[in-house]
Amino acid sequence: MTIPTRRLSLVASAGVLALSTGVAWAQDCPIKIGGMAPLSAPGTVVGGEAMRDAMLIAEEDINAAGGVLGCDIDVVIGDTEGLPEKGTALMEKFISQDGVVAVGGGYHSSVGVASKDVADRLQTPTVFAETWNDTITGDKQKYIFRIAPLSSWASSTIWKHALEIPGVEKVAILTENTDYGIPAAEETTRGLESGGKEVVTFSVDIGTQDYAGIVQRMKAENPDMIIVLATGEAGYNFQQQAADAGIGSLDMPFHAGQVSLESKAYWENVPDGNYAFVQRIGVPENLFTEEGKAFAAKYKERTGKDAVESYAMEAYDSIAIIAQAINEAGTTDADAVVAALEGIEHNGTLGKIYFPYGSGKDPSEDGHGDEYWHQWPDVALTVIQYQAEGENSGEATIVWPDAYKTGDPIFVNQ
Amino acid sequence: MRKQIPNIAGGLFLIFLLIFPLIYGRADYDYIMHILITGFFYAILAASWSMLSGYAGQFSFGHMGFMAIGAYTTGLFCHYIYISPEPTGLCWETGFFGQWLVVVNPIGVTSTTLTQDCLRQALAGWGGGVEVTSMPVPLGILLGTIMGGIAGFLIGMLVLRLRAAYLALFTLGFSEILKATISAEIDITRGQAGLELPPLYPNGVTWFGSYFEPTDKIPPYYTMLALLIVCLLILTWLARSKFGLFVRALREDQDAAAALGVNTVRYKVLVFTITCAMAAAAGAVQGHYVQIITPNMLFLLQMSLVVAMAVIGGIENFVAAAIGAILLQVALELLRNSFVIGGIEVDMTIWRLVFFGILLMVTLRFFRNGLIAPVIHYFRREGVAEETVAKRATLTGPGGGPHRAEAPD
Amino acid sequence: MLFWGVIVWMIVWGVAGSILIKRRYLARDLDTSNANFVGAMAGASLGPVGIAALWTKTPKSSNFLIVGLGLLTVLLVAVTFSFADPENICVTSGGFVASQFVNGLIIGIIYGFMALGLSLIFSILGVVSFAHGEFYMIGGMLVYFITAVWIPGVPPLLAVMGACAIAFVIGAVFERLMLTPMYHGKIDRPVEYGILVTFGLAFTLQYFVQALAGANPVKAQRFLSFPRWSWPEGADPVWIKTSRGSMTLFEQVSISSPRFTAAITCILVLLALLYLLHRTWTGKALRAVSQDREAAAIAGINPDRMNMLAFALGGMIAALAGALLVQAFSWLPQVGAIPAMRSFVIVVLGGLGSLPGAFVGGIMVGLVEAAGTGCVPDPQKAASYIPAYGMIVLTLTLLLRPTGMFGRRFASGAHGQF
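Protein chains in written order, with my numbering: chain B, 1 to 414; chain H, 1001 to 1409; chain S, 2001 to 2418.
Hints may contain errors.
Derived lysine to any residue pairs resembling SDA-like cross-links, with alpha carbons at most 20 Å apart [claimed, not checked]:
id, chain 1, residue 1, chain 2, residue 2
1, B, 32, H, 1026
2, S, 2022, H, 1157
3, S, 2186, H, 1374
4, B, 300, S, 2216
5, B, 305, S, 2148
6, B, 264, S, 2022
7, S, 2241, B, 250
8, S, 2186, H, 1252
9, S, 2186, H, 1026
10, S, 2241, B, 300
11, B, 170, S, 2241
It is worth saying that the hints were derived from the structure and are not from the lab.
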């Protein structure tokens, strides 16, 4: 019995070793970086494809600029399908099969929440691009970083903006029953109620096509404004059906779902979607950094789109910042990369990205909550409004906040 | 001697699976292990489903529903019930052999870390002075298996009158209702966000003097493999006993079987109970292995995967179904890599499923007993044909009864 | 609380009734096919009194009794609900109920039409097609690709017809390639074979479309924009008012243009289909095969050709439903799953193989779903449970009356077995 036992422990420890030491591959070229994106339903495929393109552009740019540690980088794209269990499996595959040294990207919150534990357990630095749930950084895990805004910031953008719209007393929220939708609806409700508004929330299963019943119910509540907190095509389906029933964005202030930033698909799926408000991350295109402008040009040329989505920029930055951190660390060793990330100042497409709180300085020292851990604090959040049919989200008027405003909002209820 | 070839091959395959984790040492070790563990999981489902549907003729589309019952039973059990030496004063609790059995209040899906359930609040209040014990995972898995068995028993009772298409639709309806309920009751099940489970061995495990971390793949590998072997042994034993004879009679002609004195009610319910308990056990173990469960595992496509695996392996032979499941799971994962033909990139993440569907249809159309079962059958039946022909000639004359795949033994 | 109390009471007596009355009918050697249903409804609506009455009298379970007791049960649930939750919008607002009703009716017509195809296939081939949702999906996808990508500017009607033709061909080819061995006893369990092989088709079609078309949501432009119009002028309330995308009746009920055109088209095609089935030789042959395969063969009808026709026609009907709804909903390769489930519910409720049953069943399922989404008090959950409402109808029907509303007990071949 002794031989198999020894063999067993030997292999087991070899397996663990192989995982924990990125050093073993440090000199192997190319250096692999994982890129997570939802590329098939029920995930938000439009978002995922934009992120994939952006991450591949990042790979080209970095390699064109000489790569990392004398190596080219190779961004391995993986499909999360928007499902938490696929996300964990993908993270595991990235790290153990593909041998990535760090992971970027990520769109759905539920995927982020589930897969971050795998990344932390397997000690792989991960920079999430577009996962908003506060707990992703709120768990204060050593290897987890984020450049997306916090869900609570995003919600507060929505409700603060809604509070400034005249003539709104009652708000109806449509949310999806996921860990993006439910907390976001709760926070938005809390915010609106603090401003003395009445709120009613309807939650739906993603994948529902027919919203007629819900739309009628919402209409019977007589809301003055509707906020959609559903990702994916659910946002399109609901908005157009609401418009058909006379409570669309042509009839009352209407805050559309994130997916409405995909202008081409938006106008195809929601022909009556004019005057909708949409939240957008990042500054308007005329205030872009040099990196932002260069990326936007390349991205538009590559994809044939007229505008660059915020999550594409976040995805690009998540890869670029990892590359810079590896360069600064001088190794792909996970702990060194984390140390480099904590001290990084990265000129990204979204602006100067840095992580002020981490092992060196706890968020509580500045009176912040745990969710500020490894979190980029300067994300710009704006609200745009489509003011002409067929308009591009990149050129749509920014109506909030005042600092970035490019035009006055049109209130259809007046 | 040739009759022993399937047994020898099966034995070799089993030995290979048993020693594989010890001899394989490449960098993608964890990933390959993950594929195999999931393969065993599907093998249990496919084998028990082929017993239910192929062998006993009870064509069920609710198998994933029973799997989910197992997974969610243990998930909720481990998620909400704890043992504490001190009363928390916040949660619902009751005395339990000098300790306190604490039922945590569901807080649903939250975004902030500020909302804490009552036990976390109590723990914060104690300031680390009190150790709370979570429930043992094996107990959860056992409970899940029992719940699956009970659910199988109840469904079996309800569907006594239903056959063929009606049975398929009823079980499909059951599975869909379950899925909608899990998705909608977010407060308790956490819906699409997924319920997190403790690992299979939360404190690691020591086997043969080697200590394994909770995240090591070797313990779940052998656990799942053992469960598969146990399930196959039970199924084989059942198939060889009177039970096997009777459930096959159920499939052939329920009324005739009843007329001949087979207690059809009892065997129909029994076969449901046993196979559903197996599915639930597999679900519970898999749930603890992947540590997150969502209602998406109830998608019809997931069920179709199990069905397809069983069909391609051999729907009336559960050993073949299990082997088919393992091989197909491995093949599906390895085919993920895209390739380029003539400048056109073929995205294999999706195309592999198209080919899979075509393979399923072709197998059904041209290889009715699957692709693996006939191979076993070929060696098994060596020389039997002449014997049977001779027997039939004396007994019934030509064409004496339908020709069927034999039960594995 | 009151509501759930009454529901539990009804369930307990319903179960008791279905068991007891079945026993009683068996003991007295009467037709037991409806005993379960009648017993359950009597128990649920009238409690022990109803069961006792049935027990002593054991009347022949006539249609009158069945429908009467069924309606009484539904009424009782509705009344209890309105007492338990008097603030509920379903109780207080007539306009809301009307709009939900119209919505349920319209979408029910479309669902019923789609389920008709499934029922047609079942009545001729004895196969429950699990690929029905995928035919629905390709119908919509084809219309989108024809109108928006391949030939922009083509009239929607042509695109719909094109989609139907392609779906018809796919159905016919599939039937020839895969289903033919079923008919001549080559397969010992044809029902299961049919389910599995159509399942394979569903799997293949869905991923094939995804591989080719990607998974972006697409949508066709609406086929018809209403003119701005209202009638009668100056009335209060205005009876009919139309705007570009929708039509409003009595300022309460709004019907969107895509749904309106889809429902009207469905009714027209249904009429054409009825004409085909009852007034043409082919249709009569189809019906003959569904009633008795052997007798039809003796009468000179080739049942195999009818099989092909029925499967192709059934698939085409589903594709037509999809082709009409792609202007109302965003389309993905996965959209087929929910309508397919709903079709199963409908055909089971109406009676597997029954064509009028499918249509009536469709409307009923549409109404049940509308009532479910409209009346469940907690708005957070009302919509999340949408997929479950129909499935509850399905399981209840199968338990109480597996033949459904209009089902025949014995159809030709294996279909009669349940």
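Against the structure, the hints:
1. At most 20 Å may separate the alpha-carbon atoms for a hinted pair to count; residue 32 of chain B and residue 1026 of chain H meet this at roughly 18 Å.
2. For the hint pairing residue 2022 of chain S with residue 1157 of chain H, the CA-to-CA distance comes to about 16 Å; that is within 20 Å, so the pair holds.
3. For the proposed pair residue 2186 of chain S and residue 1374 of chain H, the alpha carbon gap of about 17 Å is at most 20 Å, so the pair holds.
4. A C-alpha spacing of about 18 Å is found between residue 300 of chain B and residue 2216 of chain S, which places the hinted pair at or below 20 Å, so the restraint holds.
5. As the CA atoms of residue 305 of chain B and residue 2148 of chain S are separated by approximately 18 Å, the hinted pair is consistent with the 20 Å bound.
6. Between residue 264 of chain B and residue 2022 of chain S the CA atoms are separated by roughly 61 Å; this puts the pair beyond 20 Å, and the hint is violated.
7. Pair hint residue 2241 of chain S plus residue 250 of chain B holds up; C-alpha atoms about 17 Å apart against a cutoff of 20 Å.
8. As the CA atoms of residue 2186 of chain S and residue 1252 of chain H are separated by approximately 15 Å, the hinted pair is consistent with the 20 Å bound.
9. In summary, the hint linking residue 2186 of chain S to residue 1026 of chain H is not supported, as the alpha carbons are separated by about 48 Å, beyond the 20 Å threshold.
10. Between residue 2241 of chain S and residue 300 of chain B the CA atoms are separated by roughly 44 Å; this puts the pair beyond 20 Å, and the hint is violated.
11. A distance of roughly 26 Å separates the Cα atoms of residue 170 of chain B and residue 2241 of chain S; the hinted pair therefore is violated under the 20 Å criterion.
When each numbered hint is compared with the structure, violations occur for hints 6, 9, 10, 11.
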